[in-house]
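Single-letter residue listing:
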Amino acid sequence: MTTETMPRRIRRKRAGPLPMRSALLTGFTFGIVGVYLAAVGILLMIHGRAIIVGVLSVGQAALLAIGLIAGAVIARRERSLPAGQTLLHSAVAGGIAGAILGLLVLLMAAIDVRDIFIALSPQLLEMLTFGLDVAIVVPILVVAGAVLGVLGALLAIAPPAMRRPVLVGFFAVIVCGVFQELIQIMLQFTTGDQENPGLLTQIMSFFGGLVDGLREAIYDWEGLTLEGAIAVFVVAAGASVLRARSTRVQAATSGEVWQSRNGRIAKVAIAVLLVVLFPVLAGSYIGQVLMLVGLYTLMGMGLNLEVGLAGLLDLGFVAFFAVGAYTTALLTADSPHALAAYSSIPSMSFWVAMPISVLVSVVVGVLFGIPVLGVRGDYLAVATMGLGEIVRVIVQSDAAAPLLAGANGILQIPKPKIGSMELADPVALFFLTLVCAGIAAYCAWRLERSRLGRAWMAVRDDEDVAQALGINLVKVKLLAYGLGAAFAGLSGSIFAVMLTSIYPSSFQLLVSINVLALIIVGGMGSLPGVIVGSLALVGLPELLREFGEYRYLVYGAALIVMMRIRPEGLWPSATRRRELHDAAGDLETLEAVAPVAAPEASPPGQ
Amino acid sequence: MADAAADRSLIPRLSTLARFTFVDVILWCLRIGVTVVVVGGTIGTLIKGRYALDQWFDLVMFGLTLGSVYALIALGYTMVYGVLRLINFAHGDIMMTGAFSGYFIAASFDRSGFLESSAIIAMLGILAVAVTTSTTIAVLTERLAYRPFRHVRGFAPLICAIGVSFFLEQTFRGIFGSSIRSYPDPKWLGGAYVFGGFRIPSVDVLVIGSAIVAMIVLYLIVQRTKMGTAMRAVSEDTDAAAMMGIDVNKVVVFTFALGGAMAGIAGVFYAFVFKQVYFYMGFTPGIKAFGAAVLGGIGSIPGAMLGGFFLGLVESVGPALFLDGIGITAPYQLRDLIAFTLLIMVLIFRPHGILGERMAKKRA
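Chains as they are written, first to last, in my numbering: chain A, 1 to 606; chain B, 1 to 364.
Incorrect hints may appear among the rest.
Facing chain B, a subset of chain A residues (Cβ under 8 Å, in silico) [as the list claims (entries may be wrong)]:
no.	residue
1	Ala119
2	Pro122
3	Val372
4	Leu553
5	Leu559
Partial pick of chain A residues on the chain B-facing surface, computed with a CB cut under 8 Å [unchecked claim]:
no.	residue
6	Val40
7	Phe233
8	Leu274
9	Gly374
10	Glu389
11	Leu469
12	Ile471
13	Leu473
14	Val474
15	Ile513
16	Ala557
17	Arg564
In short, the hints are calculated from the structure, not lab data.
Predicted model only: the values in this text are computed from it and were never measured.
Positions of the beta carbon are idealized from the N, C-alpha and C atoms, including for glycine.
Using the sequences and the hints given, assemble the complete structure.
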């Protein structure tokens, strides 16, 4: 293998016709990505969501991004070549990408393939052609691709001081445009209650008016206006420039003590305040979304104990979630399947049923772990998946229907009550989830630093060595399964009262994969990573509602991409980062430090 | 003297008993429980005598049909595992891509009446398209998703493979829609051959016959051709094979191509047996076929065939034979339960499978 790749690498450095070939290949790849997005139906779907009303949709932005990124990739790769050559290559790459999309347009215009490719619809054709004639569109696509490629390359070559404000500005516009519904709802929160004017309300309504004015300045009813977009861009870019300047000043003047202690406390306080206030301001839909995020965070923390710390890849995790949900349902529900209906066990309140559910989950987790104690590595993943599927098949079957209600599910699970107040509102349930997740996070955090946590990590790194060091593998592994299951059981218990009815179809393997994906995206073995992962993989698709159909496609892609380019996750734990970037780490820290250390001394990129 | 001898033989026995932990107790309970269900159920069913002989025969035939499909899929798992030590989690979905692409050809043949009039050419055409698609996708998957992980240890390759599986499923869902499409059902497939009172549906004959032909061809390729020899060498010892001048990359691509081709054939037949295709259809047979590969001894090609047929038989006969006897309602819903239990029992108690001693020694 080495003998084959070495000469190629040497030749590439000599810069002959090879950069051109790689430019062609890059253009081809990006063109295929565009065609793929079109064929899968994502392109048309995101075309439905506007960034700037009547000017730019997310779909169009994606097309633009294809050209820009193709150019930027080329420019990044050819940092050593003269700029003119790089720009030429970028133009070629962008042009090729455009040409491939042009071919798609020609194909769609010539024959109707909707019988097979359901996404290649006339609406998609209209989107790609902008309603113009096909003969004109193809050259336009090629030229536009080339221009975008050059722009992307220029952006990549530009010094960071120039690039950053532009990127931040674009990012701000995209966020303001895509999440316009959410932002608009939040910005108009005070306009409704004019009836009881106290001092507080008056102050609120003053700020409300201010905020409302802001909203009207940049949004109309459907979304961001063009003027609004420009304003957002300018403000964000300006803020980025100012911030870059102020951090430079701050780094020069202020001491590190303030930064590290008070600063952190303030940051945490602000974060907590935001988490608590945000759903109250944003309404019940956001409450619902955040609640789901919370439930998945709980499960993620549980699986994190098993996979991230103890190294036991468990694909049957959903079974514990199901056990928690079903135990709560059977103990509390007002239905013929509830235990109270046919046995002497009384119907309980949620507060009693929840700890019992957690306990039952722990027991099931341990029972689940015992048979697979001796199974290692990849086989363990398949074995646990088989166990999870067995649980699902049993729950779904008619044979167990007298106990578990089969496919009909268990209905009429009461909402939890505090005194006489029923926690029926999603926001109230979100706070319940938040409190549970907080307690669970504290437990997970303590566990990670405990003797048991270190034993888990030892088992993860090398089972045989861990055993030789006197770690009781059986005990440690079963504790991992049991404690992991406890988190999932708690999550399932809340899930049951959230929906007030549960069906076996809610407990599919997809849930396990979902949880696995979120801890991998967030960073294995890292608590903040779990939250980041569930916000990104559960919260985002829930907010972009039409996107829900494609969320599993994104999960699959996220697993592959994360494993390839960032195996430690978005917010890795410190140990993990060190492990994965052992050799490369030194180089990377050098690179990361360099632009901060010497921004004035020598402008990078020259 | 005799006492002393007895003593000496007794001491190790006692000490093994002392090392008998609660985990062993539970594992033994599991073994005994499964045995009791199997034996008790069988006796119960036979005493009840609810099923006539020709019904049993139908079940066995169906089991063999299903088993031959599993065997074809299991071959892909076992070959890839032999060469790369990787569970190609997406293999079931590669089978699905074959079934799906075959569907579009089959449907158009069906509309034009070609499937009815010249059955053999039509079948060959469908198989050719399915095999081409699944082989292409298998090779692309290897190139884009698995090759970067060739020398990575830990979960990363498996997690990536899970990602590939979802990606393929959801891509097909996006491109071709999420509806369940029914496979064409030509008249010649609905018939049956009758041998001395037993009725054998022609689907079964077609599927079992073609699968056996495909497996023989595969076996010859692996045993007789130069590439097949190289493949066996790589699977024996990758580094030594590379030092002997074997291009490992080429062998890996070849392995994925072979596995993909078998999966394509399996996909078409699976679709002809169950008469429908949808994007999620590959997942369950994929996992079961992996179980079959482990059962036969992963890395062993005859083992995968054997394991596939065994799994098919157990899954088809099992619900009637084991579960009906102990009075479980609607035992056919628990078909997957039997397959998964078998999978787990194999993984727990005999991870080296029936024919996998050689691999087991190397893994240890």
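Now for the hints, and whether the structure bears them out:
| no. | hint | in the structure |
| --- | --- | --- |
| 1 | Ala119 | holds (6 Å) |
| 2 | Pro122 | violated (17 Å) |
| 3 | Val372 | holds (7 Å) |
| 4 | Leu553 | holds (4 Å) |
| 5 | Leu559 | holds (3 Å) |
| 6 | Val40 | holds (3 Å) |
| 7 | Phe233 | violated (33 Å) |
| 8 | Leu274 | violated (32 Å) |
| 9 | Gly374 | holds (7 Å) |
| 10 | Glu389 | holds (5 Å) |
| 11 | Leu469 | violated (20 Å) |
| 12 | Ile471 | violated (16 Å) |
| 13 | Leu473 | violated (10 Å) |
| 14 | Val474 | holds (6 Å) |
| 15 | Ile513 | holds (7 Å) |
| 16 | Ala557 | holds (6 Å) |
| 17 | Arg564 | holds (6 Å) |
Checked against the numbered hints above, the structure breaks hints 2, 7, 8, 11, 12 and 13 and satisfies the rest.
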